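Engineer: The listed protein sequences correspond, in order, to chains A and B. Counting from 1, one number per residue, gives the positions in the first sequence under my numbering. Counting from 223, one number per residue, gives the positions in the second sequence under my numbering.
To be clear, the hints were calculated from the coordinates, so they are not data collected in a lab.
Facing chain B, from chain A, some residues (calculated, C-beta under 8 Å):
id	residue
1	M20
2	R21
3	W48
4	L135
5	A136
6	G137
7	Q145
8	A153
9	E165
10	V175
11	C209
12	G219
Listing some non-contacts, in silico: residues in chain B with all C-beta distances to chain A over 10 Å:
id	residue
13	E315
14	G319
15	A337
None of these values were measured; they are calculated from a predicted model. We put the beta carbon where it would ideally sit given N, CA and C, even for glycine.
2 protein chains.
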Amino acid sequence: MSQASIRTAAQPPADLWGTMRTARACRSFTADPVPAGLLARCLEAATWAPSGGNQQPWRFAVLQSPGARSAVALGASRSLVTIAETYRLTRPEPGDGSRRARMARSVFGLHETAAEVPAAVLFCTRKLPHVSPLLAGASIYPAMQNFLLAARASGLGALITGWHEAAEAELRETVGVPADWDLAALVVLGWPRNAFGPVRRKPVAQVSCLDTWQQPFIGSAD
Amino acid sequence: MSQASIRTAAQPPADLWGTMRTARACRSFTADPVPAGLLARCLEAATWAPSGGNQQPWRFAVLQSPGARSAVALGASRSLVTIAETYRLTRPEPGDGSRRARMARSVFGLHETAAEVPAAVLFCTRKLPHVSPLLAGASIYPAMQNFLLAARASGLGALITGWHEAAEAELRETVGVPADWDLAALVVLGWPRNAFGPVRRKPVAQVSCLDTWQQPFIGSAD
Chain A
1 MSQASIRTAA QPPADLWGTM RTARACRSFT ADPVPAGLLA RCLEAATWAP SGGNQQPWRF
61 AVLQSPGARS AVALGASRSL VTIAETYRLT RPEPGDGSRR ARMARSVFGL HETAAEVPAA
121 VLFCTRKLPH VSPLLAGASI YPAMQNFLLA ARASGLGALI TGWHEAAEAE LRETVGVPAD
181 WDLAALVVLG WPRNAFGPVR RKPVAQVSCL DTWQQPFIGS AD
Chain B
223 MSQASIRTAA QPPADLWGTM RTARACRSFT ADPVPAGLLA RCLEAATWAP SGGNQQPWRF
283 AVLQSPGARS AVALGASRSL VTIAETYRLT RPEPGDGSRR ARMARSVFGL HETAAEVPAA
343 VLFCTRKLPH VSPLLAGASI YPAMQNFLLA ARASGLGALI TGWHEAAEAE LRETVGVPAD
403 WDLAALVVLG WPRNAFGPVR RKPVAQVSCL DTWQQPFIGS AD
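For reference, chain A alone in the conformation it holds in the complex (with noise of 0.2 Å):
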């Protein structure tokens, strides 16, 4: 597909809020695959991202070959055994459906064929000299939340993996990514199983301020 042809094709609007509001974490997908044209729309949406002084330090990397497919499947089984040991979270009995249940019965899911995922795009920022490390992330994670939109207005469930920390050397390795760059996410897609519900979060009063920690900020007070 022609750069002109990502640019020009047509989106369906999309409301922005409504977006935003419901762009939840999804964990379990069905066997469609998504189109290399609708991966490439939403990248499209991550560059138009900022960046410390406009730099675009990024690069996106689809993974679908056996061998990045194999890394993936590796950082994703070790990042389960953190995931159940820091949440507690056990194989959930067959008739149990209660909340908790069914989101410990999607991580086990998601982790343990998650070499089959439908889409997984590693998130890559070269290192920024003179930038902490924090601050680096401003220039990379901007750029993953308008993929993760773009997704979300697509139809497609997306989730944040911490699974390219615990497969590091090998994703580097069958990646080929230099030395001056690093990892910074690694994203699952596909379409989703269940619906779409607005996201649970504190309110905003809870976690604003107005010029000093403990003042509450006027525009969110009860």
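Given the structure of chain A, go ahead and fit chain B onto it with the hints provided.
Structural biologist: What follows is chain B alone, placed relative to chain A:
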């Protein structure tokens, strides 16, 4: 304003794609204030972002007091030195209407009047154990990006600055940021003096790859 009224406030619909494509950095604002309710709406959009384990390790400090604004101005003034050096910016002649001169003029203008920006928000993030400094950004910069998109959709212009690093001690002191929280970004915003154009970015084909670093991603190949 109550949380309920924020949540149900009539938001003019905004097209996600057009918003993302025109969310450019803005350095020149009118003197008009930004209503607190509008800031709160943009902050609510920030809360809809993803974060690791949905921990929402964020706090958004709206900076208005003279003390807080002094620290903002100090950060801007110190940053200007670095920026002018890095980009070899010199104060343009009054009659110079070139693109570079206009850019330089807006950079000097913004940094030298930083205390008077219509609005300034400090994005803070709680230090997360067992999370790398880069990956910690994945739990705050998506929120910042949602905030920027919400601001753009509301007609506001915004700029991500690194002023919080240049005046970290002073900002921590005046705001009272706890030691176990990091400063992630200082965003300034207001009503833009000029029209929004589309962002300028490298094409997807140049910044994406398939499986290996040098292999073009077919969805974006020409």
